[in-house]
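> Given the sequences, and given the hints that come with them, work out the whole structure.
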Amino acid sequence: MSDLVQLLTPEGVRVADDTYDPWVADVDADPAALRALYRDLVLVRRFDTEAVALQRQGELGLWASLLGQEGAQVGAGRAMAPHDHAFPTYREHGVAWCRGVDPLQVLGLFRGVTLGGWDPSQHGLHLYTIVIGSQALHATGYAMGVQRDGAVGTGDPDRDAAVLAFFGDGATSQGDVNEAFIWAGVTNAPVVFFCQNNQWAISEPLERQTRIPLYRRAHGFGFPGVRVDGNDVLACLAVTRAALARARDGSGPMLVEAFTYRMGAHTTSDDPTRYRVEAELEQWRLKDPVERVKAHLLRGGHADPLFLAELDAEAEVLAERVRTGCRRLPEPDPAAVFEHVYEALDPDLREQRDEIARLAALVDDEVPA
Amino acid sequence: MSAASVRDGEPTRELTLSRAINAGLRRALESDPHVMLMGEDIGRLGGVFRVTDGLAKDFGEDRVMDTPLAESGILGTAVGLALRGYRPVCEIQFDGFVYPAFDQIVTQVAKLRFRSEGACAMPIVVRIPYGGGIGAVEHHSESPESYFVHTPGLRVVTPSNPEDAYWMVQQAIACDDPVVLLEPKRRYWDKGLVHTAGAQAPHPLFAGRLVRDGSDAVLVGYGPTVRTCLDAADAADEDGRRLAVVDLRSLSPLDWPLLVQTARRIGRVVVVHEAHRTLGVGAEVAARITEECFYALEAPVLRVAGYDTPYPPSRMEELWLPDVDRVLDAVDDVLAW
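As you go down the protein sequences, you meet chains A and B in turn.
Note that the numbering used here has the first sequence beginning at 1, numbered continuously upward.
Note that the numbering used here has the second sequence beginning at 1, numbered continuously upward.
Quick caveat, the hints were computed from the structure, so don't treat them as lab data.
Some clues are possibly wrong.
Unchecked claim - Covered by chain B, per the in silico footprint, the following chain A stretches (three or more residues, Cβ under 8 Å):
| id | segment |
| --- | --- |
| 1 | 104-117 |
| 2 | 340-351 |
Claimed, not checked - Residues from chain B that face chain A, not an exhaustive set, calculated with beta carbons under 8 Å:
| id | residue |
| --- | --- |
| 3 | Pro68 |
| 4 | Gly76 |
| 5 | Tyr86 |
| 6 | Gly153 |
| 7 | Arg227 |
| 8 | Leu230 |
Idealized CB from N, CA, C, for every residue including glycine.
This is the structure we're talking about:
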């Protein structure tokens, strides 16, 4: 695929790219930066593995695994400046990790103890959005706000901001995503559309969504599109950094298609054996986003057994914290649920809140201490 | 009557309902730099009803934005703007065009405060000219209020006169909850005195008003049907029947204290709206009044509403819409009980 930006081959060989090499010069120059990316990948994958297990144990109602998409998410997430803002789907656990959202906060939605989990303004990460593609418009509107705040194209890196919209290949068929493209194009908003094309929208293959490569759709909307190896964290970092920088300086939106693969089921409720063949997974296993960074580190002599052992231990600690922490997540307070429907509790809702509180108290009384 | 006069020591202007909204929008734009208007043809053209006339010229295209023709895009980008601290006022050109935006309104705008446990307010106003009676083509005469009233997280208000329109649009914009502002399009040209220099709104946004008192029955209307109710009350007066009229003004929340108190006092209630009868606002009013005022009622609560068909071809809309005669028939029925 000649139009694919790739900086690390599946075997972990660093290949030169005149356009994008400068965007990761810092990582090339500093093995610690590469190790940090590897650490993100390993820990995010471990978190995801634990979450799948927690769902199987009945501790989560559902989980949407990011297995196979760690490179795309960590690359994009680490490309963001602290004051940038991202709008995720429900699978962006790697992005949430990069934005400093605690994994336990991410679990809350899937355990059914909250519908949100974190304060978006604290992390520069909006809440997960479940209805497919809606958030592409939110990201575009937010970027229009950034424009109106005069936080684009000033040349001040602490002021200029960009917005990153995540969605998948299935979402590109949604009206909202196409409307977002139109809005962003017409307004020249500082938004980067980061599409993780993981080849499958539950059971529907990419051919059900498009007749042309997704990144080429951008052309018709009047902005550039680029396809990047979504299993190559370095390439995703470089391409997203470049796209965000372009947006921040006022050059407008861009579409990044991260070509990747959903190695797991759509969610824990899905059974992918009904619609795809094992041979396809075998092929993508050889392109694993985590292994190629490890190979690159080892080949360059940038990681020793001690580093790898320490990272293993750190992953184990994280896993244990996720396992025990999930079970300790506070249950939703039935009365508090009424507090945030509106700015203020109106008399009708107060009455309904009191009723549910009475019912909850009765239930509590029936449970032996 | 002169164009300007003085009432209660404060200058007033005689304005049409549409000009009153225009004046209210202007004042909101002047007082808060984060207020912005978005919609189709609202800038250079000033809106198809000219409600935003002159605002783009005075406040610039960034604050009075002609958007691409996509209603979901208007509301979806408004969500993002609100998250960034703006207060978008979205115009949906006609009632029947709101459905492409329905998903963003119901799924996102209404729920974000709740989902985020208060972290994300959605101070968005959705202005919708609604209702029939102007001889329009299909999709230009609908009354979709029940969809929004049925959605927790939204507020729904509708003025019936220029003074309310002037203040309610400003109050809706100042409100930190999302507000659907339904504008009775066939009353856009009704004139009335407006306190444009007043410092503060004369009534709370979410309160109904007893606009005419009476003792035999109370007519409950909102938006375009308040005028119908007042005309019916005038006609009944000639027959010696004293009808009260309540203007609901707010459909979410409904002003239950006012409704319950009035129903208890008068004992006979007729609700009048253009929206289809089944599961309309009148159904909720009837149910609640029955629950709370059962022993004070002299008759069942009756509804005079649009029929349960799609909005008809305009040449028969006068027959389809609630009018004075249908209201008076219902009054006869409640009085005969």
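> Among all the numbered hints in the text so far, which are the ones the structure does not match?
7, 8
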